[in-house]
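A.B. asks: Please construct the entire structure, taking both the sequences and the accompanying hints into account.
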Amino acid sequence: MATGSEDSLTRTDILPVKCPQCGEAQNTLDGAQDPLSPGASVGCMVCNYVFGAEEYRRLLAERQREFEGLQIGEL
Numbered sequence: 000m001a002t003g004s005e006d007s008l009t010r011t012d013i014l015p016v017k018c019p020q021c022g023e024a025q026n027t028l029d030g031a032q033d034p035l036s037p038g039a040s041v042g043c044m045v046c047n048y049v050f051g052a053e054e055y056r057r058l059l060a061e062r063q064r065e066f067e068g069l070q071i072g073e074l
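Just so you know, numbering that gives the first Met the number 0 puts 41 at position 42 of the sequence shown, and the rest follows in order with no gaps.
Per label pair, the in silico range of CB-to-CB distance:
no., residue 1, residue 2, range
1, G72, A52, 32 to 38 Å
2, R56, C21, 16 to 22 Å
3, A52, C21, 15 to 21 Å
4, Q25, E67, 19 to 25 Å
5, G72, G30, 37 to 43 Å
6, V49, Q70, 31 to 37 Å
7, A39, Q70, 29 to 35 Å
8, T27, R57, 17 to 23 Å
9, G72, Y48, 33 to 39 Å
10, E61, L28, 15 to 21 Å
11, L28, F66, 15 to 21 Å
12, Q70, C21, 24 to 30 Å
13, P19, A39, 17 to 23 Å
It should be emphasised that the hints constitute simulated quantities derived from the structure, not laboratory data.
Please read all numbers here as calculations on a predicted model, not as lab measurements.
Every residue, glycine too, gets a C-beta built ideally from N, C-alpha and C.
C.D. replies: The following block contains the structure:
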């Protein structure tokens, strides 16, 4: 992941991850602007589950692979 001023939640490589408890992909971020930075706390907005740092990284990688496989059909 790139570092610097371009890091923000509007970047396309920062995707909401699915909660292992409730299945929703609506995340909260506390303690940092970058969910991958030390001290960041990522949680589920729906059920308040708190992701472990390694768990979040693993789920984010899975989500990124899901989105990489998407294709826009012919318009």
